[in-house]
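So the chains spell out like this:
2 protein chains.
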Amino acid sequence: MKPIALADWLQQWLNTGSGEPAYRQLYRLLRQAILDGRLPSGVRLPSSRELARDLSIARNTVIQVYEQLAIEGYVHAASGKGTFVEDTSQDTVDSASSAAWGDHAQATGESNRGLSMRGRRLMDRLGFSRRQYGAFMAGLPDVAEFPAKAWLRIQNKHWRSSPGRLLSYAAAGGYPPLRQAISAYLNSSRSVNSKAEQVVVTTGIHQALDVATRLLCEIGDTVWIEDPSYWGLRNLLISSGLNVEPIPVDGEGIRPSQRDLRRPPRLIVVTPSHQYPLGMVMSLARRRMLLDYARKHGCWIVEDDYDSDFRYESRPLPSLQGLDSAGQVLYVGSFSKTMYPGLRIGYMVVPERIAPAFASAVAELYREGQMMTQSVTAEFVREGYLSSHVRRVRNLYAQRRALLIDAIRSHYQDSLDIIGDEAGLHLVLALPDHVDDVEICRQAFDRGIMVRPLSDYYLIKPRMRRGLLLGYAQVQQEQIGPAFRILASVLDAHIAEGQHPAPGVSAPAGRT
Amino acid sequence: MKPIALADWLQQWLNTGSGEPAYRQLYRLLRQAILDGRLPSGVRLPSSRELARDLSIARNTVIQVYEQLAIEGYVHAASGKGTFVEDTSQDTVDSASSAAWGDHAQATGESNRGLSMRGRRLMDRLGFSRRQYGAFMAGLPDVAEFPAKAWLRIQNKHWRSSPGRLLSYAAAGGYPPLRQAISAYLNSSRSVNSKAEQVVVTTGIHQALDVATRLLCEIGDTVWIEDPSYWGLRNLLISSGLNVEPIPVDGEGIRPSQRDLRRPPRLIVVTPSHQYPLGMVMSLARRRMLLDYARKHGCWIVEDDYDSDFRYESRPLPSLQGLDSAGQVLYVGSFSKTMYPGLRIGYMVVPERIAPAFASAVAELYREGQMMTQSVTAEFVREGYLSSHVRRVRNLYAQRRALLIDAIRSHYQDSLDIIGDEAGLHLVLALPDHVDDVEICRQAFDRGIMVRPLSDYYLIKPRMRRGLLLGYAQVQQEQIGPAFRILASVLDAHIAEGQHPAPGVSAPAGRT
Chain Z
0 MKPIALADWL QQWLNTGSGE PAYRQLYRLL RQAILDGRLP SGVRLPSSRE
50 LARDLSIARN TVIQVYEQLA IEGYVHAASG KGTFVEDTSQ DTVDSASSAA
100 WGDHAQATGE SNRGLSMRGR RLMDRLGFSR RQYGAFMAGL PDVAEFPAKA
150 WLRIQNKHWR SSPGRLLSYA AAGGYPPLRQ AISAYLNSSR SVNSKAEQVV
200 VTTGIHQALD VATRLLCEIG DTVWIEDPSY WGLRNLLISS GLNVEPIPVD
250 GEGIRPSQRD LRRPPRLIVV TPSHQYPLGM VMSLARRRML LDYARKHGCW
300 IVEDDYDSDF RYESRPLPSL QGLDSAGQVL YVGSFSKTMY PGLRIGYMVV
350 PERIAPAFAS AVAELYREGQ MMTQSVTAEF VREGYLSSHV RRVRNLYAQR
400 RALLIDAIRS HYQDSLDIIG DEAGLHLVLA LPDHVDDVEI CRQAFDRGIM
450 VRPLSDYYLI KPRMRRGLLL GYAQVQQEQI GPAFRILASV LDAHIAEGQH
500 PAPGVSAPAG RT
Chain U
0 MKPIALADWL QQWLNTGSGE PAYRQLYRLL RQAILDGRLP SGVRLPSSRE
50 LARDLSIARN TVIQVYEQLA IEGYVHAASG KGTFVEDTSQ DTVDSASSAA
100 WGDHAQATGE SNRGLSMRGR RLMDRLGFSR RQYGAFMAGL PDVAEFPAKA
150 WLRIQNKHWR SSPGRLLSYA AAGGYPPLRQ AISAYLNSSR SVNSKAEQVV
200 VTTGIHQALD VATRLLCEIG DTVWIEDPSY WGLRNLLISS GLNVEPIPVD
250 GEGIRPSQRD LRRPPRLIVV TPSHQYPLGM VMSLARRRML LDYARKHGCW
300 IVEDDYDSDF RYESRPLPSL QGLDSAGQVL YVGSFSKTMY PGLRIGYMVV
350 PERIAPAFAS AVAELYREGQ MMTQSVTAEF VREGYLSSHV RRVRNLYAQR
400 RALLIDAIRS HYQDSLDIIG DEAGLHLVLA LPDHVDDVEI CRQAFDRGIM
450 VRPLSDYYLI KPRMRRGLLL GYAQVQQEQI GPAFRILASV LDAHIAEGQH
500 PAPGVSAPAG RT
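For the record, the sequence lines run as chains Z and U. Sequence positions in the first sequence follow numbering that gives the first Met the number 0 and run 0 to 511. Sequence positions in the second sequence follow numbering that gives the first Met the number 0 and run 0 to 511.
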């Protein structure tokens, strides 16, 4: 967008009659334009004087908005030169700096010609990893442990005996016996409160969020996500034309500020059982606050319960959905961690009154199918194979987790914190603020070790913490120690460097 | 939206400095608001005098826009009372009047409380069918003919011998051997011009269109679709916040008017091999015009090649993609018709320079997987099972098609036209304009026969033609005659009624 077009574009959207203060509108619009790529990095914003004049608003309002955006890391002021959009493709945390650590295609430059702004923006902040195995890739179960024989036996039986109709398009909402099996499983294992008709089968959490926003939000509606949060959902939401508001978390989970609370969103996406990626559990007080706030303001809550079947130190906590008496919570999950990711079967539990709409929308928008796979899964769950598999690998993952913690402690004693390790498939190794976790990941990748930088999961720069996500669930016991020693050799240099800066070497700009 | 809010909303969007005439902007905005449900059916629009005053534009402009919208069936003028949004949930063609013919959940009323406007609008115009089998459900192959034994043999082999990594998340773009197999298959069978790296594996045509619009279009960009067209893609596009422009078709395919041509869209979605649902083939002259226009104006073209493997009267035509020398065409298809719908594997062939971005986006947005299924499919295609299956069922479908045409001819001789029967899995039985095809479908459904009304596929009312889509591919030979006789008994009464109106009986409003 050329600077001259910016004022026109803002003019179209600013609505003085809406009751929303001009300050807030301008802040929201500019941030949106930066997030969705309409204002690319490096662009100079108009001076506060010019913009105030073009929009017929007070100059102080513009100054205040620029300052706020600078605090949050969206722009920076170069004295005497003006205010510039941050070079987000290089070093702000919300762009996938991961693109820089060698893990995935750098679909930049030539290959992005012809893409839309939002398309280019998506390419700039890709989060997925090309390699889906090995130490210490986070978020993966050990697929080699999946009871493939039992699965294959059921699969062959269903192919040989089931009606051909299972090969056609699906009934809306999924294969009914699978909806029943999921409902029973979640009610008993996750204290979810569901009937089979409330269960809608999806291809995973991404699809669940996509259908939820299409049915519950208008384009441009505000959605709260946790900051830090899972890159996949964040990028999906931004690419869908929603206004994503990153809300901070503390030790008890999501913690909206007073200012946030004054602007209720349409949808709130949370990970109460095991915050992603930090791993804390949302406190009961915070859960009650959230439910109460959502009820009062008519917000919907999406509870993303992606890996809480694996809890090591205590019993799994009941779901937020189970506490919901007003029918505002949509519980979403998948079999990606409990069975295997390539299965691509997920589920959502939707409040009763809107469940038929969700079942229909999934059929309409995605032309769902795979009833054969769904019927096999239904028997697998119903006959208890899932529960016993989860019990078995939970013990295995607990051993691997202990080995990794031992390896960390024996190298670093208590000088580095381990966080979020009570549940799930990964833990976070916290690092001092001066350390460049993105660079560490890049160097580790070059030595065959996959780790992800914690800073990469934040949208708001000043909140950013440094650390590494270490997945242990799919690493063989005997590899854990050796792999960690390779990682530590990379890590040691960085930690030492910050403590005794060499002449002429300084931390990268914006990272101190 | 309350009438008082309408002017405010329009004011926000009208942009006198944009160069787009006020007439065109107002027309576009009002149509958009009707299509996405912001202006629900039955609402009275402000008088032309009021609106002209509120927007500070000429009253004649408003009058002209209201007239155009009335011609296209979006609003109607009740003399002396004002201009009203058409009751689209009841009888205009773009709403799924299908909701009225009993085929799917009427997720209306109570169950839609709490949904967004676009969500409610989607529920009002659902197109999918709950029943996915039987005479004469269109768009289905005969899944009972699928060589399940060969499939199962390959499947068991891969489960037993393949590395567990095939159970994890997918490499971006799909399993490489499948991308190779698809490229080779399309190059030989459809004259597509592709390398394996240009092939991106999807879950079907819906996902292909979703990723294409996210990467190539901004929210609010204009997309041309054919009118009539497939409900699934239309509803997906509208739900994605795009401005859908329905372009008429004639005997040679899509035919934009001079007015359309002056406003180049960002994306053009066409079905050149077998227009859906009418069945004509796009002429070479029209193909060249379209490619030339797209090249000149920087538009992207999506070629939806959903069922052209089945062609009975002549050899399949080469794809539009094969003619494309400028890299503007995205070819999309799936194995839903050639293998079975529940497989949920589709593909797109993307111009080389943007292919890496598409591969990455599919991984990022949908967290793709199912490499095991993809590896089985790769062998199935590579080893020639697909080609020989297609050859075999093409003969079978040809017999069924001939039986259906015989049944139609023996009952109606040449009094009803059969169109679009040269290829695919369905034909269209054209009906006289006075006949209510939606009501016929409802009555047929009550007698166990699934047919879909042609009028339902149109967005612009005055273009609407009456007819029935009859799928024959998955109907057993011995059922075709008897099932058609049941349908004919419903049909006869309607055709006769229009010719000799009974006293007190008239065609429903708006349908004459």
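Just so you know, these hints were derived from the structure itself, not from any lab. On a predicted model such as this, the values are computed, not experimentally measured, just so you know. Be a bit skeptical, because a hint or two may be false.
Unchecked claim - Below, a list of computed lysine-lysine pairs in the DSBU-like style, where the Cα atoms sit at most 30 Å apart: (1) Lys-156(Z) / Lys-148(U); (2) Lys-156(U) / Lys-148(Z); (3) Lys-460(U) / Lys-148(Z).
What the hints assert, rightly or not - Pair ranges (Cβ atoms, derived): (4) Arg-130(U) / Ser-387(Z): 33 to 39 Å; (5) Met-116(U) / Met-116(Z): 40 to 46 Å; (6) Ser-17(U) / Ala-183(Z): 24 to 30 Å; (7) Arg-254(Z) / Lys-295(U): 32 to 38 Å; (8) Pro-162(U) / Gly-250(Z): 55 to 61 Å; (9) Ser-161(Z) / Gly-297(U): 45 to 51 Å; (10) Arg-352(U) / Arg-254(Z): 41 to 47 Å; (11) Arg-352(U) / Ala-492(Z): 56 to 62 Å; (12) Gln-10(U) / Arg-287(Z): 39 to 45 Å; (13) Lys-295(Z) / Lys-295(U): 31 to 37 Å; (14) Glu-251(Z) / Ala-4(U): 48 to 54 Å; (15) Gln-476(Z) / Pro-162(U): 46 to 52 Å; (16) Ile-70(Z) / Ser-17(U): 32 to 38 Å.
Said to hold, decoys possible - Footprint (simulated), chain Z over chain U, 3 or more residues, beta carbon under 8 Å: (17) 12–24; (18) 122–131; (19) 165–172; (20) 200–207; (21) 212–219; (22) 339–348; (23) 439–445.
Each residue gets a CB set at the ideal place from its N, CA and C atoms; glycine is no exception.
When I compare C-beta atoms, does the stretch 122–131 of chain U have three or more residues closer than 8 Å to chain Z? Check passed, 6 qualifying residues.
Holds or violated: Lys-156(U) and Lys-148(Z), Cα atoms, limit 30 Å. Given that 30 Å is the threshold and the Cα spacing comes to 12 Å, the pair holds.
Taking 8 Å as the C-beta cutoff, is the stated coverage of the stretch 165–172 of chain U by chain Z satisfied by three or more residues? holds (count 7)
Return holds or violated for the Cβ distance of Arg-130(U) and Ser-387(Z) against the range 33 to 39 Å. This hint holds: roughly 37 Å between Cβ atoms.
45 to 51 Å as the expected CB spacing between Gly-297(U) and Ser-161(Z), which holds or is violated: Given a distance of about 49 Å, which is inside 45 to 51 Å, the answer is holds.
Tell me if the beta carbons of Gln-476(Z) and Pro-162(U) are separated by a distance inside 46 to 52 Å. Once the Cβ atoms are compared, 20 Å apart, the range 46 to 52 Å for Pro-162(U) and Gln-476(Z) is violated.
Tell me whether the statement that chain Z covers the stretch 212–219 of chain U is true, taking a Cβ distance below 8 Å and needing three residues at minimum. holds (count 6)
Can the suggested window of 39 to 45 Å be confirmed for the beta-carbon pair Gln-10(U) and Arg-287(Z)? At roughly 42 Å between Cβ atoms, Arg-287(Z) and Gln-10(U) fall inside 39 to 45 Å, so the hint holds.
Given the hint of 41 to 47 Å, check if Arg-352(U) and Arg-254(Z) actually sit that far apart at their C-beta atoms. With a Cβ separation near 45 Å, Arg-352(U) and Arg-254(Z) satisfy 41 to 47 Å, so the hint holds.
A range of 40 to 46 Å was offered for this pair. Does it hold for the Cβ distance of Met-116(U) and Met-116(Z)? violated (25 Å)
Starting from the hint 55 to 61 Å, judge whether the C-beta atoms of Pro-162(U) and Gly-250(Z) obey it. violated (41 Å)
Taking beta carbons only, do three or more residues of the stretch 200–207 of chain U come closer than 8 Å to chain Z? The restraint on the stretch 200–207 of chain U holds, since 5 of its residues have a Cβ under 8 Å from chain Z and three suffice.
In summary, the numbered hints that this structure violates are 3, 5, 6, 7, 8, 11, 13, 14, 15, 23.
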